[in-house]
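Novice: Reading the sequence shown from the start, the letters are residues 1 to 629 in my numbering.
Derived from the structure by calculation, the hints contain no laboratory data.
Even for Gly, the Cβ is constructed at its ideal location relative to N, Cα and C.
Treat the hints with care, since some could be wrong.
[Unchecked claim] Have a look at the derived ranges for each label pair, beta carbon to beta carbon:
id : residue 1 : residue 2 : range
1  : Asp553    : Cys303    : 44 to 50 angstroms
2  : Ala2      : Glu150    : 42 to 48 angstroms
3  : Cys303    : Arg177    : 32 to 38 angstroms
4  : Asp16     : Arg113    : 34 to 40 angstroms
5  : Gly264    : Lys577    : 55 to 61 angstroms
[To be verified] The list that follows gives simulated cross-link-like pairs (lysine-lysine, DSS-like), each with its CA atoms no further than 30 angstroms apart:
id : residue 1 : residue 2
6  : Lys193    : Lys281
7  : Lys529    : Lys384
8  : Lys308    : Lys322
9  : Lys387    : Lys591
10 : Lys321    : Lys362
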Amino acid sequence: MAYQALYRTFRPKTLDDVVRQEHIVTILKHQIETGKIGHAYLFCGPRGTGKTTMARILAKALLCRNAEAARAEGASGCMPDGTCKALAEKGNLDITEIDAASNNGVDEMRDLREKVQYPPVAGKYKVYIVDEVHMLSAGAFNALLKTLEEPPAHAVFILATTEAQKIPATILSRCMRFDFKLIPQKDLEERLKYVLKSVGKEYEEEAVAALARAGAGSMRDMLSLADPCVSYSEGKLTYADVTAVLGNADFTVTADLCSAILRGESGKAIESVESVLAEGKSVALLIKDILQFFNGCAVAKSCAHGEKILLLPEDRYALLKKAAKIADDRALVRALEIFAAAESDCRYTTTPKITLETAVLKASMVREDEDISALIARIEALEKALKDGAAARGNSAGASVPVSAAASQDKNAGDFTDRAAGTIAAGSKKSAPVSSTPLCSPTSASAKSAVKAGSASGYEEEIPPDENETGGNVYFDSDYIREERKNEAKSNAAQTSAGAFSPFGETAEKPVKQSAPAPNDPSLTGNAKVTFGKFLRSLRAVGNGVLFTICMDMESEFENGTFVLYTTKETLLNTLKRETNYPVVQNALAKIGITDFDLRLKGKAKDDTKRAIDEIKEKFSDVKIEEKA
């Protein structure tokens with residue numbers, strides 16, 4: 001006799017042999033024992049869970065000549081002495097199997113509708129098994145519908161499918177539906193051990209567990225994978241034999257790779273990938289192994305008894321626990337999302353290796369969460385830190401705080417490097433003096449004047465936001481910051497006393513507290529961009545990060561002494577004019593000496609009118625034109 005695959009050889013013969021579908025077996029046994037047989041059954045569920053096998057067992061049970069005697073003895077309709085053996089052979093006239101994947105047209109269903117009228121040849125029923133029924137065309141479903149609704153008394157239809165959602169509701173409502181479940185790994189292992197013992201093959205427990213995991217709940221898939229593994233191993237079936245046949249990476253290698261990713265060691269992770277692929281392993285399988293490992297890490301980190309869920313040996317579970325301690329839950333979820341996307345992308349790319357390496361690099365890189373709520377939380381934390389620093393500066397006013405700083409080589413950073421360092425030191429919790437080294441850089445003089453100008457300013461100075469923090473906003477560029485410092489130095493030079501450290505050994509004196517700038521100071525109205533930068537920093541000092549973020553994209557200009565803020569979005573304008581937000585904006589502008597301001601929507605009638613008036617004034621410059629409200 002020719003060799004048969006393991007999944008065919010060890011296919012269940014009776015209902016009692018079916019693995020882990022007790023809810024279906026119990027119902028069918030009761031129906032067979034009581035003779036209450038339905039006219040149409042629908043078996044649906046994942047592949048390899050026993051749908052077609054169950055359909056054949058039910059068909060044999062219904063057609064068994066000794067069914068009555070078997071039922072009297074408590075059997076499921078088939079005697080163990082081989083009475084129904086002939087029913088399992090092909091060519092039985094009372095059992096018709098139809099593959100809907102290849103016979104999915106209207107003509108095939110019309111032919112079935114005609115043949116169903118003929119009575120059974122030997123048994124009590126005539127059974128029609130339609131496999132992959134979801135593949136039928138719309139016309140074929142319509143042709144089958146009437147027959148399925150009111151079939152002859154001797155006809156029983158058994159439909160099997162993996163995609164019940166593709167079947168029309170009119171068909172579903174006329175069938176008795178049974179949903180098959182995936183088989184747990186423990187039951188798969190027990191069944192595989194039984195099969196290996198039956199064929200006289202010794203095995204390692206890890207090898208059996210690996211095949212059961214690879215089966216992913218499908219009995220047929222597991223036995224199909226076990227067949228070549230049994231042939232490959234010369235003696236005892238080992239875990240190494242299984243990984244060699246299946247193409248999976250060794251668990252320890254996968255653990256090292258994933259641990260390197262979680263630690264951010266991208267170079268080491270890439271080297272591990274290259275070594276695994278050099279052995280001929282599949283990119284798709286490696287991504288699958290990485291996903292399973294990260295999923296195991298998440299389970300081990302979240303569950304107190306994760307070993308009962310994962311069903312792994314103690315040494316492998318220990319590796320999972322060790323890797324899970326490296327990163328937090330968010331990092332694990334991010335890694336899972338990245339490699340899940342990579343697994344999907346590998347199906348449609350011609351360069352899967354590059355896709356895998358890109359995923360490894362992305363997962364290894366430390367990146368801030370882009371969620372808006374997390375962004376707001378970080379802004380609030382920064383605001384709190386700035387407030388604490390401002391309070392510390394107020395408490396330590398009049399004290400001389402020496403600062404140690406390295407001279408900057410960047411010409412753009414030279415104007416404010418020393419001042420920023422002094423602000424940070426003054427805002428620290430410990431106010432003890434810090435040893436300093438005098439700066440001999442050419443930029444020290446400009447830094448000195450900038451510090452003095454900042455000390456004499458009426459409003460609280462803030463450290464200029466970093467370019468990365470502001471998204472590269474032009475109003476925080478160094479050119480404007482330097483221009484601002486020069487204007488401050490000019491306007492306040494006569495009133496400024498020594499309040500900063502001297503890079504050339506001068507004695508530092510206490511800064512003189514000055515009053516706030518006069519409203520609409522000419523020094524402020526000279527450059528709208530500089531004023532806008534001051535406004536944003538003042539807004540941050542007020543402590544509203546959301547408004548700060550909103551106002552960053554606005555435009556500004558001076559119009560007859562009025563500071564005008566423009567926005568192109570009406571929703572933003574309405575937000576700024578709310579009762580809760582408008583006073584905040586007003587307060588922030590007042591701190592920099594701006595009391596006359598306006599919030600406008602760019603492109604509206606007021607701007608158009610102004611533009612038209614300006615054009616008329618330009619054309620008729622020799623004529624006196626008076627504007628009236």
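Novice: Now, for every hint given, state plainly whether the structure supports it.
Specialist: Right, here's what the structure says about each hint:
1. Asp553 to Cys303: 44 to 50 angstroms: holds, 45 angstroms
2. Ala2 to Glu150: 42 to 48 angstroms: holds, 44 angstroms
3. Cys303 to Arg177: 32 to 38 angstroms: Because 33 angstroms falls inside the window, the suggested range holds.
4. Asp16 to Arg113: 34 to 40 angstroms: holds, 35 angstroms
5. Gly264 to Lys577: 55 to 61 angstroms: violated, 46 angstroms
6. Lys193 to Lys281: With a Cα-Cα distance of about 27 angstroms, the restraint between Lys193 and Lys281 holds, given a limit of 30 angstroms.
7. Lys529 to Lys384: Given pair Lys529, Lys384 holds - Cα atoms ~27 angstroms apart, limit 30 angstroms.
8. Lys308 to Lys322: holds, 17 angstroms
9. Lys387 to Lys591: holds, 16 angstroms
10. Lys321 to Lys362: holds, 23 angstroms
Hint violations for this structure: number 5 only, all remaining hints satisfied.
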